[in-house]
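J.: Sequences and hints are given; from them, build the entire structure.
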Amino acid sequence: MTLTLFTNMNHIDTLLNAPNTYTTHNQKRWHNAFITIYCSRAFISHFTNKPKITSTPSFTLLDINSPHSFTIDQLTLIHLLKHKNIETLQKYDGGVQGIAASLQTNTEFGIHHDSEDIAIRKQVFGSNTYNKPPSKSFIHFVLEAFKDVTILILLVCASLSLVFGIKEHGIKEGWYDGGSIFLAVFIVISMSSISNFKQNKQFDKLSQVSNDIQIDLVRSGRRQKVSIFEIVVGDIVCLKIGDQVPADGLFVDGHSLRVDESSMTVTSVGMNTTWGQMMSSISNDNDEETPLQTRLNKLTSSIGKGGLAVAFLVLVVLLIRYFTGNTKTDNGVREFNGRKTSFDEVMNAVIGIISDAVTIVVVAIPEGLPLAVTLTLAYSMKKMMADQAMVRKLSACETMGSATTICTDKTGTLTLNQMKVTKFWLGLEPLEDGAYLNVDPFVLQLIKEGVAHNTTGGVHESKSVSDSKFEFSGSPTEKAILSWAVLELNMEMETLTKSCSILQVETFNSKKKRSGVLLKRNVDNKINAHWKGAAEMVLRMCSKYYDAYGIVKYLDNETMSKFESIIQGMAASSLRCIAFAYAEVDVQELGDERENSGIVVKDNGLTLLGLVGIKDPCRPGVKTAVEACQHAGVNVKMITGDNIFTAKAIAFECGILQANQDSDETVVEGEQFRNFTHEERLEKVEKISVMARSSPFDKLLMVQCLKEKGHVVAVTGDGTNDAPALKEADIGLSMGIQGTEVAKESSDIVILDDNFASIVTVLNWGRCVYNNIQKFIQFQLTVNVAALVINFVAAVSAGEVPLTAVQLLWVNLIMDTLGALALATEKPTKELMDQKPVGRTKPLITNIMWRNLLSQAIYQIVILLTLQFKGENIFGVTSKVNDTLIFNTFVLCQVFNEFNARKLEKKNVFEGIFKSKLFMGIVGVTLVLQVVMVEFLKKFADTERLNWREWIICIGLASASWPIGFVVKLIPVSDKPLLDFLSVKKRL
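Going by our numbering, the residue at position 343 of the sequence shown is 330; the numbering climbs one at a time, nothing skipped.
Honestly, I wouldn't trust all of these hints.
Listed below are the simulated DMTMM-like cross-link pairs for lysine to aspartate or glutamate, each with C-alpha atoms no more than 20 Å apart in a straight line [stated by the list, open to error]:
1. LYS507 / GLU892
2. LYS696 / GLU652
3. LYS671 / GLU640
4. LYS410 / ASP240
5. LYS435 / ASP420
6. LYS499 / GLU551
7. LYS963 / GLU892
8. LYS893 / GLU818
9. LYS867 / GLU931
10. LYS513 / ASP573
11. LYS602 / ASP590
12. LYS212 / GLU892
13. LYS315 / GLU818
Calculated directly from the structure, the hints in this document are not laboratory data.
T.: This is the structure we're talking about:
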């Protein structure tokens, strides 16, 4: 007991000597409480048996060993945010400022950006992650495979065959038939489950990348981007229009919620936030059915119905022939002799017939089509990620292959988005570099004041080893202007921002093309309104201008025309022209400053301060990319907010406009397009190549008109206001660098590098997906048609099917899984961009595909039926060897035909064959397994070993599909779909 009390007294002493952060009254109460608790527990524990302590959830009220000094805990923060009670917030000194102080953060400079501080915050308050729903396990996909009705019927047949086989022939010989079907079904299910499981894991990885959003925040006084998962409690997050709120927090600063930028203090992260709880309940299922999958399901259903009909006829014919005594054993003895035939023999025969019929259904139903779609989409998604395109919606991959029109932004997509001020006009005179020192100091100070306050960007001292002393944040336009003002005009950002108080902000919007700020100088209480924006827009708000000597002059019509010519000249040189203007505001015009919701930024009678021209060079290779689209039959339209002269100059530079084009029809302004009647828009929309001074509504209007004209439209967008157009388009393409989170959430594909060339890559991949699916359909339908006709004709005429259940399941495996892997993972080729777009109406199975698959199917039917009825006589072999020849030839025909399927139109099917390592690997595996099936699995596959002569016969017959494929491709076919011919005949 002495030791216990001594230890406890040491603890008490430590507690009593802890840093004094409480009042004297509170301290005495703490002292009394701890002395009573520790002494009582120590005394009682000495006389009682100590129970086994179980692990229970606990909360630390005061951790004397904790290295942090936060004076507020997580539960208090959660309660505060959950109930949103202002009175509770005000209990802390200064409200938000008090919470910030309790969290050891600064609302202006943020937390310390060191790993130790961040680690402590994660330890105390948790990380900004959520409990993800469990991913689908491998067992889930196995169970899904067992839901297939045909598989269940086969398993029942296998079970019955196993039971009656063992009963009749004993376990040593009787298990072969039933066991073989079991093993074949197991292989089919395993391959399908493994494939689906791998694709699901791939989708999970892509989802993780998609959810990793970059957030702007301030740490150690510097604005920087970090992952949403790296945000900690106490961070100062900077939000702008379209950003996702990354955690629960308190609003710190901003100009109402209408402005471009505001900030918040993070108070809860991860599962302690509404976001975390919501995300943990959302499962990232990839059960979305793409348009192509819908069309394939209809095709599968149609083929399946045909297969069921054939299987039913085969079942009826075989049962009738059996029970009428028309079937014989290998020894020539009738199988059914009325009452002389035992029940077990009848059951075995009936089960065998049912197994054959069901297996025909398994082969007939092209279950590999959905798998092929999944494989090619997953494969293309992975490869597109490496090509700077992140697919958010599966359907976008295939739809992009059908695109007929791309509506693209200019800035950052066609251009580099590396802006720099290259021209500066003060009054009617251009100023070259170095001439700024001669500008009137008063005018220069006004320009600096406007730049410093009327911005959503920031300037920080560079802490990295670089040539520049400063780092600039914000949009490329903002960074260009700030960089020019700091480096050329020697603007001191921090000094200027502290010298004035902001009274009201008018944020930039895509309709007005300008932003304004109303501020009061701290020195003399003067109030100035500053505006910045598209030069022609700001110019209309001005009635006066400053010249280089600081003299105010009036803007008459003649001078206004001169300024308009200057703006047009800069625009024609591909420069973005920005104007600065200001006005002094009388205090009486403001009213009560405390009720600043009614204050407006004066926007008339302004004085023009100057014009700057910003150069944004076109991306290298963008002209080639545009030409590639045009060559592929895809029309490229540029939609930009720049004025019509800048837009035309960039369009000519990028190859969107040609020198011989009539610009009156091909170039319009957004307002002009908006004011057309609906009929006029539909008439002109296809001719328009450039839309200047456009708003997001104009972009939406153009997309709707193009879709109404039957086009498949892809649209790029980066702003929040672009969301409606991105959603309306067939394929929404958001920008990964400049795009807001709202734009990204509304899009189907995120272009990670904002580069138009990446859009062309996506287009090529989309065509590749569509082409790969068509290859697999041609390949599979060839097998379906051949297998159904061969089995039906043989059953009706000979009373038996040449291919057993196990053999047909093996063929099914070659088609569904291995065939899908081989053909669905072919990479894009240049030839795909030589074709015209598919559009909305072109059929999935083209006339070219019908020509190819019917020629191969007819050849296989003729060869295999010849073997069925004349093979024994032609080659002098036994019935068992002849059946093996049929099986082996049929499989090898599919292997050789797989090469034909690689190229739907080109005669040289071997082009690029050695680059397709996966294809060659699968063909090699198939051949090796086929040799094993024939030569070593006699009992399992019901085959006989073949000699070299017989193998050469099989290979020779199968290889004939190559020259047949070559010759058939010389036959021209009409572009008019086959079904259209049939409908014409019906009408006639």
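J.: Evaluate each hint against the coordinates.
T.: Checked hints:
no.: 1; hint: LYS507 / GLU892; verdict: 73 Å, violated
no.: 2; hint: LYS696 / GLU652; verdict: 18 Å, holds
no.: 3; hint: LYS671 / GLU640; verdict: 23 Å, violated
no.: 4; hint: LYS410 / ASP240; verdict: 35 Å, violated
no.: 5; hint: LYS435 / ASP420; verdict: 17 Å, holds
no.: 6; hint: LYS499 / GLU551; verdict: 18 Å, holds
no.: 7; hint: LYS963 / GLU892; verdict: 16 Å, holds
no.: 8; hint: LYS893 / GLU818; verdict: 10 Å, holds
no.: 9; hint: LYS867 / GLU931; verdict: 6 Å, holds
no.: 10; hint: LYS513 / ASP573; verdict: 8 Å, holds
no.: 11; hint: LYS602 / ASP590; verdict: 27 Å, violated
no.: 12; hint: LYS212 / GLU892; verdict: 50 Å, violated
no.: 13; hint: LYS315 / GLU818; verdict: 56 Å, violated
The structure fails to meet hints 1, 3, 4, 11, 12 and 13 from the earlier list, while all remaining hints are met.
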